[in-house]
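**Q** The lines below spell out each chain.
2 protein chains.
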Amino acid sequence: MGIGDDGALVNPSTNTQLVVATDTLVESVHFPADASAEQIATRALCVNLSDMAAMGATPRWFTLALTLEKTDVQWLSGFSRGLAEVAKEFGVALIGGDTTSGPLTISLTLLGEVPIGGALQRSGASPGDSIYITGTLGDGAAGLSVLEEGATEGSVLDRAIGRLRARFYRPQPQVQAGQKLQGFASACIDISDGLVADLGHICRASGVSANLVSKQLPIHSEVTQRFPQQALNWALTGGDDYQLCFTVAESNRDKIDLLIFQGELDATMIGQIQPAREGQCLVLVDNVGAEFNRGFDHFGH
Amino acid sequence: MGIGDDGALVNPSTNTQLVVATDTLVESVHFPADASAEQIATRALCVNLSDMAAMGATPRWFTLALTLEKTDVQWLSGFSRGLAEVAKEFGVALIGGDTTSGPLTISLTLLGEVPIGGALQRSGASPGDSIYITGTLGDGAAGLSVLEEGATEGSVLDRAIGRLRARFYRPQPQVQAGQKLQGFASACIDISDGLVADLGHICRASGVSANLVSKQLPIHSEVTQRFPQQALNWALTGGDDYQLCFTVAESNRDKIDLLIFQGELDATMIGQIQPAREGQCLVLVDNVGAEFNRGFDHFGH
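Residue numbers (this note's numbering), protein chains in the order written: chain A, -7 to 293; chain B, -7 to 293.
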């Protein structure tokens, strides 16, 4: 039925469960005040789509709660354009929402579907499972750093900077990867707060520890070359990457490695799940507790 | 699965459609800055539940996007208490959300269910249908007026004022009434912006006009006695009542009137749907165009 009635009316598919995720972006907190309407819209929807990816869900519908200081037709036009572009790419429909007056805040609720019992969760990791990450790490933090530097017009033309800015405003939700992991991954999460923090969520939900091998972390060469001091630190704790971190039991490793080998899944093995240590669910880096190392860049790479 | 994973996982019932509604409340726009956390929470959830009521849906789940200037344990405790109380009363479960830092904004997305094809919509009203309203009108506007007057401690003890304040912060979503109207009402909407404005939405969606009989509008005696000049005006345009306005075809009037007669439905017949006039979908009051009367109180009551 779509927008215009008191609520939207949609038809869930049979034999599916519904996945629901809400994310809010606030001006100056989640994006710089000088971000364009289009950039804000694309980032907001991509970040929410990433939650669907982490569950292995197929995103279907979303609602938008938009709070704006004043009605600005040009701003709204840019916002709609950005939203529509991402919505089209991922096949999600805007089915309703609410526009209110106040400080700029964007809250999206996404609805997706997974086959019954097929959802990827955080709680299934076991000792011996391998830890993988999709794509590359550190791009989000590097992109934010580039934005905060306030790139000049000249440097915008720099290809690497252009790519990193895009990684911040247009993260690439790993929806297809998430769907391929159904039945193979024992646990999954998307990297919004940084690898160590988010893998920590898997560890606590699963009652295990994890050890990451720093040399195996996939970091884009543009990041290591431009930011040699920060690259590893950003990869471990930077956040805003929206890649998927997932674990795979020994019995399923062949299947995942085949997907990777065939180019159907872009992922890298980065460590191992271990038993919890004295009841503590820790994330180690090269067998050293992450909390004992405030600067991971000291490791070199 | 509930809160804690990237998204919540829920199981829709079979043979139902999903109803999704989002509403946002912003401090100083949708509630006074001195509102308590508990009052804000109850109002936010009740307003959203009213959208479910207007569709005839059974509310099931909701997500909360809460933006707060700072973490205030006492405030959060009051907010949670208010939310939990209303959630329990209406049988809805908080399944997820997002807490962010910024100006106080509350955005809720509710999910409900209706039997396939059973949803009440705005578009089904036909000439000859009778127009009904649940409960009484004008309470919301009277409640807001009482709040804006800044009632003193003494006057809080005044029972009527206490009731009107409650009607603002704790509107009573007509969820059960909405469910009873399934199959009987040809169109339905909840009164958030005022009877004339919201009935206007039914008229435009259905391609019809409407005539209201001012003498038949149900207004609580506390409102007419305390605010004799404003009562009728508030009933027609005041908003914030969260009653249901619905239309019923001649063939179903007996069934609705029986429900009312048996005390199963608290509703009053207040007018008639008419054909659109020269392509215009108008809301008339006593056969005079609402737009030609800026002060409905002149009618007397």
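Check each hint, because a few of them may be wrong.
Claimed, not checked - So these bits of chain A aren't anywhere near chain B, every CB distance computed over 12 Å:
1. Gly(-1)
2. Val2
3. Ala45
4. Arg114
Stated by the list, open to error - Estimated spans, in silico, between C-beta atoms of each pair:
5. A:Ala85 <-> B:Leu68: 25 to 35 Å
6. A:Leu68 <-> B:Val205: 35 to 45 Å
7. A:Ile252 <-> B:Asn3: 49 to 59 Å
8. A:Thr6 <-> B:Arg269: 40 to 50 Å
9. B:Ala25 <-> A:Thr260: 19 to 29 Å
These are computed hints drawn from the structure, not numbers from a lab. All C-beta atoms, glycine included, are put in the ideal place defined by N, C-alpha and C.
**Q** Grab the minimum beta-carbon distance between A:Ala45 and chain B and tell me whether it stays above 12 Å.
**A** Label violated. Min Cβ-Cβ 8 Å, cutoff 12 Å.
**Q** Lying within 49 to 59 Å: is that true of the beta-carbon distance A:Ile252 to B:Asn3?
**A** The hint (49 to 59 Å, Cβ to Cβ) is violated, given that A:Ile252 and B:Asn3 are roughly 33 Å apart.
**Q** Does the Cβ-Cβ separation between A:Thr6 and B:Arg269 fall within 40 to 50 Å?
**A** Holds: the Cβ-Cβ distance is about 46 Å, inside 40 to 50 Å.
**Q** Beyond 12 Å from every Cβ of chain B: is that where the Cβ of A:Arg114 lies?
**A** Given that some Cβ of chain B is not farther than 12 Å from that of A:Arg114, nearest at about 5 Å, it is violated.
**Q** Just tell me: holds or violated, for the beta carbon distance of A:Ala85 and B:Leu68 against 25 to 35 Å?
**A** Cβ of A:Ala85 to Cβ of B:Leu68: about 34 Å, so the range 25 to 35 Å holds.
**Q** The hint says 19 to 29 Å between B:Ala25 and A:Thr260; measuring C-beta to C-beta, is that right?
**A** Because 51 Å falls outside the window, the suggested range is violated.
**Q** So A:Val2 supposedly isn't at the interface. Is its beta-carbon more than 12 Å from every beta-carbon in chain B?
**A** The assertion about A:Val2 is violated, with a minimum of 5 Å to chain B.
**Q** Holds or violated: is the Cβ of A:Gly(-1) farther than 12 Å from all Cβ atoms of chain B?
**A** Violated: least Cβ distance 4 Å, not greater than 12 Å.
**Q** Has the hinted range 35 to 45 Å been met by the Cβ atoms of A:Leu68 and B:Val205?
**A** holds, 40 Å
The structure fails to meet hints 1, 2, 3, 4, 7, 9 from the earlier list, while all remaining hints are met.
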